[in-house]
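Peer 1: The primary structure of each chain is shown beneath.
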Amino acid sequence: MGEKLFEIQNLSIDTRRGGVTRRIVENMNLAVERGQIYGLVGESGSGKSISMMASVGLAAPGLLVRSGEVSFGGKRLAAADQKGLRGNLSHGVSLLFQNAKGALSPFLTSGRQVERVLAQRRVPKAARPKEIAELFRLVGLNFGDLGEKYPHQISGGQAQRVAMACAMATNPALLIADEPTTALDVTTERELLRFLARICRERDMAIVLIAHNLSLVSEYCSGLTIMHAGQVVEEGALRSIFATPLHPYTQGLIAAVPDVDEPHELVPLKGSVWGGRSDIVRCRFSHRCPHVRPQCEAGLPPAVTRGEHQVHCVLYEGEAA
Amino acid sequence: MRLPPILLYVFRRLLIGLVVLFGISAVAFSMAYLLPSDPVTSRYPDITNEQRAEMRRQMGLDQPLVVQYARYMESVFRGEFGRSFGTGNSVGQDLAQRIPATLELASFGIAFGVLVGIPLGLLAAVRRGNPTDHLVRVVNIAIQSVPAFWLGVVLIFLLYFQWRLVPSPIGRLSPMFVSPPPVTGFLTIDALLAGKPDIAWAALRQLMLPALVLGLGVISPLARITRSAMGESLGEDYVTFGRALGLRSRQVVLGDAFRGALVPIVTTLGFVVANVLAGAAIVETVFAWPGIGRYAVTAITTSDMAPVSTCILLIASSVAITNLLVDLSYALIDPRIRHEYAR
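Residue numbers (my numbering), protein chains in the order written: chain A, 1 to 321; chain B, 1001 to 1343.
Bear in mind the hints are in silico, worked out from the structure with no lab data behind them. Even glycine gets a Cβ: it sits at the ideal position worked out from N, Cα and C. Treat the hints loosely; a few may be bogus.
Unchecked claim - Here are the simulated distance ranges between beta carbons:
| hint | chain 1 | residue 1 | chain 2 | residue 2 | range |
| --- | --- | --- | --- | --- | --- |
| 1 | A | 222 | B | 1254 | 50 to 60 Å |
| 2 | B | 1135 | A | 257 | 50 to 60 Å |
| 3 | B | 1144 | A | 83 | 28 to 38 Å |
| 4 | A | 34 | B | 1006 | 49 to 59 Å |
| 5 | A | 258 | B | 1007 | 53 to 63 Å |
| 6 | B | 1008 | A | 148 | 54 to 64 Å |
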């Protein structure tokens, strides 16, 4: 096991709308090692982005962070201390978003976007042009071509690379990439991820790759957490999870992924993430689960370790590992 | 040599503006004649019919409307804009004296409104849903529901009559002071240019109250649009990404989010400026301010046709120019619009 770089423990987040409080992230845990590419997978609305944003102090207004701790590079903070957590940004933690064009300021040229991050880091003015050109090269762009262009003048893939140059300008040890390729076409997607993986190796940077596409994650990640409706259902080494998926949700997700080498019948998952009763205690997959039992209503059981990963499911409770 | 596209755009807009103003001049001129009173009778109520006919002939009022309009337009192109029966001067001369007074009043009033309204809106947007937000809303409603003519009189009563905090409301400068040589037409600035800070201060003290009353009308619309536009732009991805990059909150909120909100804010400001010019008539009357608002009111009550139509023309052109400036400012604010214009 490598050194732990980033850890979320017992993170719980509520929303309140019209006087009704709902838990949208429940007791979430996640641990990323230095230099690791870690996947965080779940359907839309499962709380992946919300929990990661809260872990860096960018919880959307109106969200209530109820409990949890976040540690990064040995510094441990309460998750409710959003302001303190924001201190990690630009000091080792950086982010990439799904909508890169919207994430870049529409009022600045690509070069200026990167430059102001350097200015924030107090890089002297004279040293900036060289560093900007280098960052552009790092993300596979030519400063001469794109440096003077505004976000609306470049393509989505180029915009994501400029955003990446901005993120890399903070010299991060951890990059949280929130579905960075969703808005891109398939070839650009592959290219970008290959390239992310390369930077990761070269700079010893860890990545949390938020995705809803398991096949994408399976190619690049070594660790994996699967979330459903705000609950972590299975987590651990990717190899182990793919070899023996235990939670019915994981099994469902894998069954829904097409495989070119071993074609199998695709089985879509039934129901929706937040369907069923809205109370907090039950395993929130129970209304969609083919193996549902009465105990599921008692809540998500504690983790059971199997091989190199853990599962939260009553099917494995009390069984010897 | 090809002109830069933005200049071509300005040129086209000015040309269209001129055509529109020409139309407005015709409408304004005929409307001034629709006033149900006669400039001769209202000025000399006790004269005989022969005298009245002679007066009308001298003033050119016996001619058909088209001829009168042609004469007026001819005088417009000479820069005289007709002759005022009331002052005996050419309207151009009268306006040249009064426009700086109104401009100074309006500039200070709008500056005050902008400097209060936009920060109020920003505060409400950043503290959305908090007590600060609600307080701003209450202040806004209070300001908006107070009419200028009432507030002006009440403030004069309290601040001047009761407490002697401001000088008497008798125009731009108390007669104890000598006006500085005109350079910009703004007494405060001219006095400073002439090296007379005491006169600048005296002029500013005269200006404070009417500018405040005029500027109050600017606050609420600006604060409201700033709050809603900022509320929207603060939720934009580029604001979150800026924060994610560790940029300072001030840079993200005032740099990116405010710039993103600026287009609707400037649009509203354009409307508000037009309202201020119209509202100046009331404030100038209450504070005996020698500007075009009061000039127009006097002209209307005495059926003084040339000043009335010229004032309408003046307000119309200032609205047209404001709109042009607003449209041009979009290009400055947002590179996307700039590139749109350039096409």
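Peer 1: Would you mind marking each hint as holding or not holding in the structure?
Peer 2: Results of checking the hints against the structure:
1. A/222 to B/1254: 50 to 60 Å: Distance hint for residue 222 of chain A, residue 1254 of chain B is violated at roughly 42 Å.
2. B/1135 to A/257: 50 to 60 Å: Holds, at about 54 Å.
3. B/1144 to A/83: 28 to 38 Å: holds, 36 Å
4. A/34 to B/1006: 49 to 59 Å: Holds - the Cβ-Cβ distance for residue 34 of chain A and residue 1006 of chain B, about 52 Å, lies within 49 to 59 Å.
5. A/258 to B/1007: 53 to 63 Å: holds, 57 Å
6. B/1008 to A/148: 54 to 64 Å: violated, 23 Å
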